[in-house]
Structure formats: structure tokens, C-alpha cells
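Protein chains in written order, with this note's numbering: chain L, 917 to 1029; chain W, 9 to 120.
Don't read these hints as lab results, they were simulated from the structure. Every value quoted in this text rests on a predicted model; they were computed, and no experiment measured them. Accuracy of the hints is not assured; some may be wrong.
To be verified - Ranges between beta-carbon positions, derived for each pair:
(1) W/25 <-> L/997: 47 to 55 Å
(2) W/78 <-> L/990: 42 to 50 Å
(3) W/38 <-> L/989: 27 to 35 Å
(4) W/13 <-> L/986: 35 to 43 Å
(5) W/22 <-> L/966: 42 to 50 Å
(6) L/930 <-> W/78: 48 to 56 Å
(7) L/919 <-> W/37: 28 to 36 Å
(8) L/974 <-> W/17: 25 to 33 Å
(9) L/997 <-> W/68: 38 to 46 Å
(10) L/955 <-> W/69: 24 to 32 Å
(11) W/92 <-> L/919: 14 to 22 Å
(12) W/9 <-> L/934: 27 to 35 Å
(13) L/969 <-> W/92: 36 to 44 Å
(14) W/22 <-> L/997: 47 to 55 Å
What the hints assert, rightly or not - With a cut-off of at most 20 Å between alpha-carbon atoms, the simulated EDC-like pairs for lysine to aspartate or glutamate come out as follows:
(15) W/107 <-> L/1015
(16) W/107 <-> L/984
(17) W/69 <-> L/1017
(18) W/76 <-> W/28
(19) W/107 <-> L/1017
(20) L/978 <-> L/1001
(21) W/107 <-> L/973
(22) L/960 <-> W/96
Unchecked claim - One-sided and incomplete, this derived list gives chain L residues near chain W with beta-carbon spacing under 10 Å:
(23) 972
(24) 1018
(25) 1020
(26) 1025
Here a beta-carbon is modelled for each residue, glycine too, at the ideal position from N, C-alpha and C.
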Amino acid sequence: EAGVAQSPRYKIIEKRQSVAFWCNPISGHATLYWYQQILGQGPKLLIQFQNNGVVDDSQLPKDRFSAERLKGVDSTLKIQPAKLEDSAVYLCASSLTRDTEAFFGQGTRLTVV
Amino acid sequence: AQSVTQPDIHITVSEGASLELRCNYSYGATPYLFWYVQSPGQGLQLLLKYFSGDTLVQGIKGFEAEFKRSQSSFNLRKPSVHWSDAAEYFCAVGAYGNKLVFGAGTILRVKS
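Can you build the whole structure from these sequences, using the hints too?
Here it is in C-alpha cells:
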């Protein structure tokens, strides 16, 4: 069974630039999550989708971050404009339903300089 | 709101020695509790989870954890550590809907 795929693996951008991350969840998984993991901290949930609808985006900085999950499969997370403090690993995860095990991708490491 | 505390930032154990990683949580109801492991450059892998029932939970790679409601703890244990266990370990607490709140992690170093 293929796992959660994320791209790119690494990205370096200058502050005020924009960036987008892509996630392909495990086939058939209805729930998709984006987490932000800052160095030295545990992952923090940014947004949770159930199919193509948003369940929880309470910790998403909506002035600069946006996410979508068109057709309830792939998802993209965008940052515009990026700030230095956005440097982190962005993890995508998916689960079959909202209360089953979440499987994580390898993440995208973003460095903002 | 739920929260997780992992008191130890780093732990070093000798190969073959036993291991216990501490986790304390704060949550208003019976929590869903998880332990994940993360190797450098890798995503998170679920080691074990507790939803209900037996408070001693067995996981993969020889790990186990015990839920103690009176102490709000969910400590991870392994009787004999292998060098390949060196990684960062995260405890997490979740509510229905799998919204996980993670601790800051404990980095495990294994010395030969």
C-alpha cells in the first residue's frame, strides 16, 4: 500500500515570497491533515479536511496560509507571503475516517531566509 | 484544551538497557493517547495507541505503554533497547476526530 506522498521534500525561499506544498493521501482516506513542526517542537495541527470540506482550521494563520483539497483527494498548502518564522517541516497525514489511525508523509522542510 | 508534557528533552541509554519515556497529559475526558516515533528526515510512525480497555498497550518494535488515569500519564517502555531505536519520540493526546496535540518530543540516544 502506498503511503502519504508529499512534495517537494525541501524548499528554500526568501521572506515575502510565496510557496506551495502538495500532498497525495493514501487512497480511500477521507480525512487529511496538515501539521507544522517547528524545530524542537512537536507537530501542530494547521488544518483538517473531511473529504473536501474543512473540519478544523482554528490554528491556520489565515492572513498568509491557505489550503484546499479539491475533489477530496490531493491537497495543497500555500504560504503567501512567507515570514522567517514559517521555517518548519510541514507534515501531511491522512486517515480512513476521523477516528482512525493517521498515517504521516515524510514532510516538506521549508527554510525562509 | 488538551496538552501534553514530555519532561525529558534528551535521554541516553546503553544498548540492551531498559527504557522508559515519560508523558503526562491534560484532558477533560478520557483521552485517546498515542506514541509516535520520528527518525531524521522521516515522517511520524505510530508505535501504539490507547483508546479504551486494557491500560497496558502493546505496540510495534517491542514497545509498550501504560495508561494511568490517576497520574494522567502514558509512559512508553521497552525492556531492551537496540541501536536502531535511536530517534525522537512524541506522545500525543487526541479527542474524537483525531485532532492530535503533540508533546515537544524526547530525543533518544543509544550508546553501544
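Taking the least C-beta to C-beta distance, is residue 972 of chain L closer than 10 Å to chain W?
6 Å, holds
Range agreement (Cβ of residue 37 of chain W with Cβ of residue 919 of chain L, hint 28 to 36 Å):
Holds - the Cβ-Cβ distance for residue 919 of chain L and residue 37 of chain W, about 32 Å, lies within 28 to 36 Å.
Measuring from beta carbon to beta carbon, are residue 930 of chain L and residue 78 of chain W in 48 to 56 Å?
52 Å, holds
With a cut-off of 20 Å on the C-alpha distance, tell me whether residue 107 of chain W and residue 1017 of chain L pass.
11 Å, holds
Quick check on the hint: residue 1018 of chain L CB to chain W CB, less than 10 Å?
Holds, because the Cβ-Cβ distance from residue 1018 of chain L to chain W comes to roughly 6 Å (cut-off 10 Å).
Does the structure keep residue 107 of chain W and residue 984 of chain L at a Cα separation of 20 Å or less?
Roughly 18 Å separates the two Cα atoms, so the pair holds.
With 10 Å as the cut and Cβ atoms as the points, is residue 1025 of chain L at the interface with chain W?
8 Å, holds
Status of the given 42 to 50 Å range, CB of residue 966 of chain L versus CB of residue 22 of chain W:
Hint holds: Cβ distance 46 Å, inside 42 to 50 Å.
Can the suggested window of 47 to 55 Å be confirmed for the beta-carbon pair residue 22 of chain W and residue 997 of chain L?
Given about 49 Å between the Cβ atoms, the range holds.
Honestly, do residue 974 of chain L and residue 17 of chain W meet the 25 to 33 Å range at C-beta?
For residue 974 of chain L and residue 17 of chain W the Cβ distance comes to about 28 Å; the hint holds.
Given the range 47 to 55 Å, decide if the beta-carbon distance of residue 25 of chain W to residue 997 of chain L lies inside it.
Hint holds: Cβ distance 49 Å, inside 47 to 55 Å.
Starting from the hint 24 to 32 Å, judge whether the C-beta atoms of residue 955 of chain L and residue 69 of chain W obey it.
Distance hint for residue 955 of chain L, residue 69 of chain W holds at roughly 25 Å.
When the structure is compared with the earlier hints, no violation turns up for any of them.
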